[in-house]
Amino acid sequence: MTSRSFLMMVVMTLSMTLKAEETVKIGVLHSLTGTMAISELSCRDATLLAVKEINAAGGVLGRQIEAVVVDPASDWHLFAVKAQELLLTHKTAALFGCWTSVSRKAVVPVLEKHNGLLFYPVQYEGEEQSPHVFYTAATPNQQLLPAAEYLLENGAKRFYLLGTDYIFPRTANKVLKAFLFSKGVSESNVIEEYTAFGHQDYQAIVSRIKTLAGRGGACVLSTINGDSNVSFYREFVHQGLTGNDCPIMAFSIAEDELRTMDHLPLVGHLAAWNYFMSIDTPENRAFVNAFKNEYGPDRVTSDPIEAAYYGVYVWKAGVELADSFAVDRVRAAIHGLAFNSPGGRKRMDEKNQHTYKSVYIGEIIGNGQFKIVYASKGLVKPESYSPFLRSANSRQ
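All letters in the sequence shown, in the order written, are residues 3 to 398 by the working numbering.
These are calculated hints, taken from the structure and not from any lab test.
Glycine included, C-beta positions come from ideal geometry on N, C-alpha and C.
Hints may contain errors.
[To be verified] Derived pair list, reagent style EDC-like, types lysine to aspartate or glutamate, alpha-carbon separation capped at 20 Å:
#: 1; residue 1: 353; residue 2: 385
#: 2; residue 1: 159; residue 2: 247
#: 3; residue 1: 54; residue 2: 68
#: 4; residue 1: 353; residue 2: 55
#: 5; residue 1: 176; residue 2: 203
#: 6; residue 1: 212; residue 2: 195
#: 7; residue 1: 27; residue 2: 325
#: 8; residue 1: 54; residue 2: 285
#: 9; residue 1: 373; residue 2: 195
#: 10; residue 1: 353; residue 2: 330
#: 11; residue 1: 373; residue 2: 282
#: 12; residue 1: 159; residue 2: 194
#: 13; residue 1: 107; residue 2: 55
#: 14; residue 1: 294; residue 2: 55
#: 15; residue 1: 353; residue 2: 130
#: 16; residue 1: 54; residue 2: 296
#: 17; residue 1: 27; residue 2: 247
#: 18; residue 1: 93; residue 2: 24
#: 19; residue 1: 93; residue 2: 68
#: 20; residue 1: 107; residue 2: 129
#: 21; residue 1: 176; residue 2: 129
#: 22; residue 1: 294; residue 2: 47
#: 23; residue 1: 27; residue 2: 55
#: 24; residue 1: 27; residue 2: 47
[Claimed, not checked] Taking CB as the label site, the calculated pair distances span:
#: 25; residue 1: 79; residue 2: 58; range: 31 to 39 Å
#: 26; residue 1: 131; residue 2: 79; range: 21 to 29 Å
#: 27; residue 1: 266; residue 2: 60; range: 41 to 49 Å
#: 28; residue 1: 34; residue 2: 241; range: 45 to 53 Å
#: 29; residue 1: 93; residue 2: 269; range: 20 to 28 Å
#: 30; residue 1: 241; residue 2: 347; range: 37 to 45 Å
#: 31; residue 1: 189; residue 2: 71; range: 40 to 48 Å
#: 32; residue 1: 93; residue 2: 262; range: 34 to 42 Å
#: 33; residue 1: 368; residue 2: 185; range: 27 to 35 Å
#: 34; residue 1: 131; residue 2: 347; range: 17 to 25 Å
#: 35; residue 1: 346; residue 2: 196; range: 29 to 37 Å
#: 36; residue 1: 216; residue 2: 133; range: 19 to 27 Å
Let the sequences and hints guide you as you build the complete structure.
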């Protein structure tokens, strides 16, 4: 090798090293295909919007963020494979993603093995507290229980618990049943049923709900996930049921899912979240406008979208407080962190890595948005382990 060739090789190596040091990689782990794409695509979009904004403002610790996007394709086993690929092959500093609890639980062992960090933007069933996950969405006491309480206060006496057959609905319904029984609802007035991911034929189930509604005071607590919601709500309307006859309180239907549905017949049905696009503040209007400007005027924001978006900013704040991208230092810096989000002021718990949040219940209105009919007084402390579930287990 000539001295000239050696010099050129050294220059190229230095150039590549400097370029690599100019960026920091993060992993975006959301289903872009399959039954969960209806919900997860927009979380990817929200994550990328935050990255774009942060980069435009100078990046993090002088580096631009490079988002590595993968598609686990609604395959829970593939989530673990893709998470390992992001951590080991792409050397990402943090992961942002997952929707279903089964996908999150598939990823946690990978995070533990390789000391990774996941920002998880979706409400879940609780009963978990991993040091490798920051839970930026709701725990049961920030969504499930306020929703059930609201229905009870508005005359509900009979409850049809309908969900997709996986971890979140089954555990969520254990929490809900324990809560309802503690409020004096009899076991005979609580019906529980599950369907598979991608299930489309809800004729028989809705017929049973209609029978229950005929007895008065009936409602549905829905933990159906993915595109099955479209078929369920369509059948509900087809059989002549309305929000007045039997309100559906949804835990996985938000503005983004309503975009894909004929929402006019769904007016009066309910959803429990910690953010709605209809929150009327300058900060939220700016967020909604930024999202629409980036992705199109027909796009909407929702609770998981907001949580996916501000999760990147929480990570950025932790990195800057720690003055490091190292997972252990970033984790410690985020504990107790207070921050602003499009939906208002929030903060991370000092110990359990969940988020203090406001609680809202919204009613679907004619434009596909939600009118807020209930708001908590201030931020609600996250309880990752439900006292109602522990109480129920102790009685068994």
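Hint by hint, here is what the structure shows:
{"no.": "1", "hint": "353 x 385", "verdict": "11 Å, holds"}
{"no.": "2", "hint": "159 x 247", "verdict": "13 Å, holds"}
{"no.": "3", "hint": "54 x 68", "verdict": "9 Å, holds"}
{"no.": "4", "hint": "353 x 55", "verdict": "29 Å, violated"}
{"no.": "5", "hint": "176 x 203", "verdict": "25 Å, violated"}
{"no.": "6", "hint": "212 x 195", "verdict": "15 Å, holds"}
{"no.": "7", "hint": "27 x 325", "verdict": "16 Å, holds"}
{"no.": "8", "hint": "54 x 285", "verdict": "18 Å, holds"}
{"no.": "9", "hint": "373 x 195", "verdict": "29 Å, violated"}
{"no.": "10", "hint": "353 x 330", "verdict": "14 Å, holds"}
{"no.": "11", "hint": "373 x 282", "verdict": "11 Å, holds"}
{"no.": "12", "hint": "159 x 194", "verdict": "15 Å, holds"}
{"no.": "13", "hint": "107 x 55", "verdict": "30 Å, violated"}
{"no.": "14", "hint": "294 x 55", "verdict": "14 Å, holds"}
{"no.": "15", "hint": "353 x 130", "verdict": "13 Å, holds"}
{"no.": "16", "hint": "54 x 296", "verdict": "10 Å, holds"}
{"no.": "17", "hint": "27 x 247", "verdict": "51 Å, violated"}
{"no.": "18", "hint": "93 x 24", "verdict": "14 Å, holds"}
{"no.": "19", "hint": "93 x 68", "verdict": "11 Å, holds"}
{"no.": "20", "hint": "107 x 129", "verdict": "12 Å, holds"}
{"no.": "21", "hint": "176 x 129", "verdict": "11 Å, holds"}
{"no.": "22", "hint": "294 x 47", "verdict": "11 Å, holds"}
{"no.": "23", "hint": "27 x 55", "verdict": "15 Å, holds"}
{"no.": "24", "hint": "27 x 47", "verdict": "17 Å, holds"}
{"no.": "25", "hint": "79 x 58: 31 to 39 Å", "verdict": "37 Å, holds"}
{"no.": "26", "hint": "131 x 79: 21 to 29 Å", "verdict": "24 Å, holds"}
{"no.": "27", "hint": "266 x 60: 41 to 49 Å", "verdict": "45 Å, holds"}
{"no.": "28", "hint": "34 x 241: 45 to 53 Å", "verdict": "34 Å, violated"}
{"no.": "29", "hint": "93 x 269: 20 to 28 Å", "verdict": "49 Å, violated"}
{"no.": "30", "hint": "241 x 347: 37 to 45 Å", "verdict": "43 Å, holds"}
{"no.": "31", "hint": "189 x 71: 40 to 48 Å", "verdict": "46 Å, holds"}
{"no.": "32", "hint": "93 x 262: 34 to 42 Å", "verdict": "36 Å, holds"}
{"no.": "33", "hint": "368 x 185: 27 to 35 Å", "verdict": "33 Å, holds"}
{"no.": "34", "hint": "131 x 347: 17 to 25 Å", "verdict": "23 Å, holds"}
{"no.": "35", "hint": "346 x 196: 29 to 37 Å", "verdict": "35 Å, holds"}
{"no.": "36", "hint": "216 x 133: 19 to 27 Å", "verdict": "50 Å, violated"}
Of the numbered hints given earlier, the model fails hints 4, 5, 9, 13, 17, 28, 29 and 36; all others are met.
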